[in-house]
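S.K.: Keeping the supplied structure of chain H fixed, place chain X upon it in accordance with the hints.
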Amino acid sequence: MGIRKETDSLGEVGVPSDKLWGAQTQRSLEHFSIGQDLIPREMITAYATLKKAAARANHAGGRLEDKRYGLIVQVCDEILSGQHQDMFPLHVWMTGSGTQFNMNVNEVISNRCCQLAGTPLGSKTPVHPNDHVNMSQSSNDSFPTAMNIAAAVSVKERLLPAVKALRDAVAAKSREWQDVVKIGRTHMQDATPITLGEEWSGYVGMLSDNLDRIEDALKGVYQLALGGTAVGTGINAAPGFGEAAAAEIAKLTNLPFVSASNKYTVQGAHDAQVQLSGTLRTLAVSLYKIANEVRLMSCGPRAGFAELIIPANEPGSSIMPGKVNPTQAEALTMIAVQVMANDVAVGFGGAGGYLEMNVYKPLIIFNIAHAVTIMTDGCTNFRKFLVEGTKPNLKTI
Amino acid sequence: MLVTALSPVIGYDKASKIAHYALDNDLTLKQAALQLGFVTEDEFERVVDPAKMVHPYVANAG
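One line per chain: the protein sequences are H and X, in this order. Residue numbering for the first sequence follows my numbering, starting at 446 and increasing by one per position. Residue numbering for the second sequence follows my numbering, starting at 426 and increasing by one per position.
Here chain H stands alone, though its shape is the one from the complex:
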């Protein structure tokens, strides 16, 4: 495999000839190959959406010529359709602004435009990574905008449906068991009677409340920084660019994104992301309680509470024949603990910005995207492999 020369403002850099990224991405790969955590893949789609929206706004404003506009949009559509995903190799633990990831996106789009136009890779002609793909933008307003797109889209498209499906499955059990009378317990000691359906309806309410909390937190996430550029003032962005680009992002995502009324607020701090993370933490707290109670009530089968019979999904022991364990509850409680830890990191990251820019951006979106992904999958598996197959043990209850 050969090496080609790419350039940036600091000089020449050798880049593997089969890669579409440029000099700044290569420098980041060399300086920040730390661990195995990559910038969340959701950020690739979010950034392609953003670059397409910015190109549309710039083209409509007469700042971006037809040919360059057409090429940029064509490449963004390729990325949005799943192509070039392996051209975004950068790690989370990089510059706190995420600048190198923004440049990774700018460079890949520029070079793919070169291929389409028949010009050499690295020529930055006809589409320049900074002057055209990054037109009217700074990493300082585009990265937080992409963070908000990535967070909102993944919450709306993946987490909320998974939580709703779990809530509905729990509700179905609650209705089915409305006449199963059991002992209620407070302080873990016998109290007055309750039905199993009533007990589980508490879980339904908890999950419904979490859905509402997360939707409420998204209202802040829909406020976008784009248009603020370097420090929030909008230098090098035309008046109205932020509003026009946010409207395009809203169209492309079908979500109610708007331009934030104060760009200093959303570039100096990421309180909306911190708030969203807080609601993810609350959901984790609820899931922890629900999963823990299911495993407690299934404790047995002979020498425990044994009120619930959970599905025998897999052999539970390498030494004890016939043992079946509440493994889905164990996985979900571990996920809950991890999400609470993610939220601690997001809190420190949100608190840690200085003056005009928060410089914990990759950390914040990494932890939120991770929390969304593992809770989505955890809720889905817990529903399919535990809740739906759980039965009351009518002999002991």
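One should not assume that every hint holds.
As a list, the in silico EDC-like pairs of lysine to aspartate or glutamate whose alpha-carbon atoms are at most 16 angstroms apart [what the hints assert, rightly or not]:
no., chain 1, residue 1, chain 2, residue 2
1, X, K455, X, D467
2, H, K664, H, D576
3, H, K512, H, D576
4, X, K442, H, D576
5, H, K829, H, E759
6, X, K455, X, E466
7, X, K439, H, D576
8, X, K442, H, E457
9, H, K601, H, D657
Distance ranges between label pairs, derived from CB positions [what the hints assert, rightly or not]:
no., chain 1, residue 1, chain 2, residue 2, range
10, H, D657, X, D467, 39 to 45 angstroms
11, X, T453, H, M785, 25 to 31 angstroms
12, X, L461, H, P606, 24 to 30 angstroms
Treat the hints as calculated values from the structure; they're not laboratory data. Quick caveat: nothing in here was measured; it's all calculated off a predicted structure. Backbone N, C-alpha and C define an ideal beta-carbon position, used for all residues, glycine too.
M.R.: Same frame as chain H, now just chain X:
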């Protein structure tokens, strides 16, 4: 980073050359821009104006 305002006029690459040239040679940004021949003095004065840079503003080529 006052050269930021020059990017829409001369492009990011030339604007960053001015910034590096000024630092390397202990020059003001205007001296560096004029020595490199990227803009005229009048153009520099018109575009690089801190009072214009505190709100949405794209310098035109004039």
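S.K.: If you check each hint against the structure, which ones fail?
M.R.: 2, 10, 11 and 12
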